[in-house]
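There are 2 protein chains.
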Amino acid sequence: MKINVEKCAGLLKKEDCFAILCHAHPDGDTLGSGYALLRALQKLGKQAKLICDDPIPTKYEYLYDDIEVQEFDEKYVIAVDVATENLLGGLQNTYGGKIDLCIDHHGTNTDYAKYLLLNADAAANCEIILKVIKALGVDIDKKMADCLYTGITTDTGCFKYSSATSNTYRSAAELIDLGADNGYINRVMFETKTKKFAALERLAIEGMQFFLDERVCILTVTNEMYKKTGTTELDTESLPPLTRQIEGVEIGLTIREKADGTCKCSIRTYESVNAAELASAFGGGGHKQAAACRFDCDVKNATKMLVEKSKELLHI
Amino acid sequence: MKINVEKCAGLLKKEDCFAILCHAHPDGDTLGSGYALLRALQKLGKQAKLICDDPIPTKYEYLYDDIEVQEFDEKYVIAVDVATENLLGGLQNTYGGKIDLCIDHHGTNTDYAKYLLLNADAAANCEIILKVIKALGVDIDKKMADCLYTGITTDTGCFKYSSATSNTYRSAAELIDLGADNGYINRVMFETKTKKFAALERLAIEGMQFFLDERVCILTVTNEMYKKTGTTELDTESLPPLTRQIEGVEIGLTIREKADGTCKCSIRTYESVNAAELASAFGGGGHKQAAACRFDCDVKNATKMLVEKSKELLHI
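As you go down the protein sequences, you meet chains B and G in turn. full-length UniProt numbering puts the first sequence at residues 1 to 316. full-length UniProt numbering puts the second sequence at residues 1 to 316.
There could be a bad hint or two in this list.
[As the list claims (entries may be wrong)] Chain B is nowhere near these chain G residues, computed Cβ spacing over 12 angstroms in every case:
#: 1; residue: L11
#: 2; residue: E15
#: 3; residue: E74
#: 4; residue: K75
#: 5; residue: Q92
#: 6; residue: Y95
#: 7; residue: K98
#: 8; residue: Y115
#: 9; residue: K134
#: 10; residue: A172
#: 11; residue: D177
#: 12; residue: M208
#: 13; residue: E214
#: 14; residue: P241
[Said to hold, decoys possible] What follows is a set of in silico ranges between Cβ atoms, one per label pair, in the way DEER data are often shown:
#: 15; chain 1: G; residue 1: G248; chain 2: B; residue 2: I51; range: 33 to 39 angstroms
#: 16; chain 1: G; residue 1: G283; chain 2: B; residue 2: E214; range: 40 to 46 angstroms
#: 17; chain 1: B; residue 1: E214; chain 2: G; residue 2: I316; range: 44 to 50 angstroms
[What the hints assert, rightly or not] With a straight-line Cα cutoff of 20 angstroms, these simulated EDC-like cross-link-like pairs (lysine to aspartate or glutamate) come out:
#: 18; chain 1: G; residue 1: K195; chain 2: B; residue 2: E214
#: 19; chain 1: B; residue 1: K228; chain 2: G; residue 2: E85
#: 20; chain 1: G; residue 1: K195; chain 2: B; residue 2: E206
#: 21; chain 1: B; residue 1: K195; chain 2: G; residue 2: E247
#: 22; chain 1: B; residue 1: K195; chain 2: G; residue 2: E214
#: 23; chain 1: G; residue 1: K193; chain 2: B; residue 2: E68
#: 24; chain 1: B; residue 1: K195; chain 2: G; residue 2: E85
#: 25; chain 1: G; residue 1: K195; chain 2: B; residue 2: D213
#: 26; chain 1: B; residue 1: K196; chain 2: G; residue 2: E85
#: 27; chain 1: G; residue 1: K193; chain 2: B; residue 2: E277
#: 28; chain 1: G; residue 1: K98; chain 2: G; residue 2: E85
No lab work stands behind these hints: they were computed from the structure. Using N, Cα and C, we set each Cβ at its ideal position, and we do this for glycine too.
Please model the entire structure based on the sequences and the hints provided.
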């Protein structure tokens with residue numbers, strides 16, 4: 001059932017012992033949403049924990065480093081920034097069909113939870129969480145502001161994408177006034193490259209391929225490249241935006257090889273192509289200009305299929 | 001004489017036939033300031049023109065493409081985003097000592113104009129110009145909003161730098177509500193790379209050098225690299241931020257060779273070092289974390305001098 005911010009706050013006030021689920025391969029928006037909400041609920045004297053199927057990259061440490069880990073039997077399950085249950089990864093086995101509340105900003109949300117608070121106009125899910133926390137009457141402290149700012153800045157590519165609205169900027173201004181350390185957060189999220197990442201990035205850029213009159217750019221990260229540079233998949237988060245930076249590119253694809261030789265693909269597009277549409281052709285999903293999907297085949301075959309589908313979407 | 005926003009608006013209302021001067025090697029903030037102010041003055045029925053000593057890169061075309069060029073004898077000279085007269089380049093010969101009003105946000109402003117409206121807390125000069133235009137009582141149209149947003153986003157590295165305050169974000173939100181096309185502007189300013197720029201960038205990154213325990217990173221752009229890739233100095237604007245992205249780098253230097261074999265240097269730093277202090281050691285200037293200077297010697301000697309001075313500032 002779709003609900004509004006006030007109804008959502010009402011539910012949260014009534015319930016207790018919360019498990020907050022983030023999506024697998026977690027990013028700043030799902031983690032920022034989860035930890036800000038957890039902090040707000042604990043501040044109300046409730047019990048709450050955050051669960052994610054994948055390890056949380058260390059750069060997000062400041063989101064949770066001071067949080068008290070609580071032991072309790074969970075009674076109410078919330079998913080944040082999770083468009084479909086299969087984005088929960090392994091958690092789907094435990095929680096599939098049992099999610100009480102979902103707070104999300106993906107237009108593609110499959111309405112799988114008992115209650116759904118959805119605003120597809122929000123550039124980041126943290127914009128919605130900010131409203132929920134205010135509706136809960138919780139004073140937003142510096143740490144919460146850092147969590148919420150993190151989600152907003154990461155999901156908008158540091159305010160770069162056209163998804164950022166005036167409300168997005170206003171939310172950021174409010175969070176900075178509440179203590180969010182925008183300079184530090186943006187530096188950690190967007191500026192700092194480890195030397196091994198810089199090496200991986202260089203290899204990936206050297207191997208960039210162009211297709212369909214150079215309207216499609218494909219960047220491939222292979223297991224060999226991880227081995228050569230000492231990196232892992234966790235180091236690849238900032239590669240996808242590179243693919244659509246070259247003039248004339250309308251579809252940017254980042255294909256990452258997995259240990260078992262299959263692969264997954266991050267899709268970035270501009271207005272002319274719907275990234276979610278391309279992803280959904282392969283069972284994936286996401287936003288209009290940023291989406292993702294998985295393949296059961298190797299990089300070579302995935303590349304071929306992606307180029308074919310891109311050709312169709314570009315009407316070539 | 002230092003003045004406030006209201007006094008500045010009062011002067012502009014009283015005067016007419018304005019020449020608005022931008023700094024040489026113009027960026028989004030000096031051009032956005034200049035064109036927004038020009039538009040506001042013309043909207044008040046006054047005559048105004050913009051003058052810059054260097055060609056304006058074509059990516060800024062949307063700032064001025066619809067502006068009526070007016071022929072008149074200038075009576076009042078305004079400098080925008082110009083910290084010292086020598087940043088005017090060749091215009092210094094004509095206008096040095098004759099500038100009536102300066103609107104600026106550089107703490108290093110030398111107070112060279114008859115009247116000075118200065119706010120060193122503003123992340124971008126366009127934040128100040130926004131206030132001046134509001135004080136003039138001019139309705140801000142979409143084109144003006146585009147100009148002002150451009151200055152704000154470019155001078156903050158798309159809201160990435162710690163110089164961006166909540167007021168910066170609020171100004172941006174206001175401008176988006178007034179029609180500024182943030183998605184388009186950020187795409188043009190930060191996302192789109194021409195193929196020849198991508199080639200130059202790759203060459204520059206391949207040649208990156210590290211000094212002083214890798215706390216200093218130097219990226220050099222030579223005349224040979226321009227020739228090889230078909231680029232010019234106008235293509236190098238987005239290189240400086242790359243230098244301080246590597247973990248551990250505190251001073252990032254981009255040295256650009258000029259046609260005559262001398263060179264200039266863009267400096268980017270983090271909190272530990274004042275970029276303006278490093279620049280001023282060589283007669284340049286700028287902000288705490290972004291500054292620039294020129295050299296009468298070749299790249300090799302400039303590199304040596306910059307590393308020596310960096311060593312001192314890093315207390316090594």
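We went through each hint and held it up to the structure:
1. The claim that L11(G) lies off the interface holds: its Cβ sits roughly 30 angstroms from the closest Cβ of chain B, which is beyond the 12 angstroms cut-off.
2. At roughly 34 angstroms, the least C-beta separation between E15(G) and chain B is larger than 12 angstroms, which holds for a residue marked as non-interface.
3. The beta carbon of E74(G) is kept farther than 12 angstroms from every beta carbon of chain B, the shortest such distance being approximately 37 angstroms.
4. Listed as outside the interface, K75(G) is consistent with that label: its C-beta sits roughly 38 angstroms from the nearest C-beta of chain B, beyond the 12 angstroms cut-off.
5. Interface exclusion of Q92(G) from chain B stands, the closest Cβ pair being 34 angstroms apart, more than 12 angstroms.
6. Residue-level check passed: Y95(G) sits 36 angstroms from the nearest beta carbon of chain B, beyond 12 angstroms.
7. With 12 angstroms as the threshold on Cβ separation, the claim that K98(G) sits away from chain B holds: the shortest Cβ distance comes to roughly 39 angstroms.
8. With a least beta-carbon separation of about 30 angstroms from chain B, Y115(G) lies farther than 12 angstroms from that chain, consistent with its non-interface assignment.
9. Here K134(G) stays apart from chain B, with its beta-carbon at least about 17 angstroms from theirs, past the 12 angstroms limit.
10. The claim that A172(G) is not at the interface with chain B is violated, since a C-beta of that chain comes within 12 angstroms of its own (minimum 5 angstroms).
11. Against the 12 angstroms criterion, D177(G) falls within the reach of chain B, whose nearest CB is about 5 angstroms from its own CB.
12. With a minimum CB-CB distance of about 9 angstroms to chain B, M208(G) fails to clear the 12 angstroms threshold, and the non-interface call is violated.
13. For E214(G), the requirement that its beta carbon stay farther than 12 angstroms from each beta carbon of chain B is not met, with the minimum near 8 angstroms.
14. With 12 angstroms as the threshold on Cβ separation, the claim that P241(G) sits away from chain B is violated: the shortest Cβ distance comes to roughly 8 angstroms.
15. Separated by about 34 angstroms at the C-beta atoms, G248(G) and I51(B) satisfy the suggested range of 33 to 39 angstroms.
16. In this structure, G283(G) and E214(B) meet the distance hint of 40 to 46 angstroms, their C-beta atoms being roughly 44 angstroms apart.
17. Against the hinted window of 44 to 50 angstroms, the Cβ-Cβ separation of E214(B) and I316(G) comes to about 46 angstroms, which satisfies the hint.
18. Taking the CA atoms of K195(G) and E214(B), the gap is about 11 angstroms. The hint holds against a cut of 20 angstroms.
19. For the proposed pair K228(B) and E85(G), the alpha carbon gap of about 51 angstroms is over 20 angstroms, so the pair is violated.
20. This hinted pair checks out: K195(G) and E206(B) have alpha carbons roughly 13 angstroms apart, not beyond 20 angstroms.
21. Proximity of K195(B) to E247(G) is assessed by CA-CA distance (about 7 angstroms); at most 20 angstroms being required, the pair is judged to hold.
22. With a CA separation close to 11 angstroms, the supplied pair K195(B) and E214(G) stays within the 20 angstroms bound.
23. Under the criterion of a C-alpha separation no larger than 20 angstroms, the hint pairing K193(G) with E68(B) is inconsistent with the structure, at around 46 angstroms.
24. At most 20 angstroms may separate the alpha-carbon atoms for a hinted pair to count; K195(B) and E85(G) exceed this at roughly 41 angstroms.
25. For the given pair, K195(G) sits about 13 angstroms from D213(B) by alpha-carbon distance, which is consistent with the 20 angstroms threshold.
26. Between K196(B) and E85(G) the alpha-carbon distance is near 44 angstroms, which puts this suggested pair outside the 20 angstroms criterion.
27. Of the pairs offered as hints, the one joining K193(G) and E277(B) is violated, with about 26 angstroms between alpha carbons and a cut-off of 20 angstroms exceeded.
28. A C-alpha spacing of about 10 angstroms is found between K98(G) and E85(G), which places the hinted pair at or below 20 angstroms, so the restraint holds.
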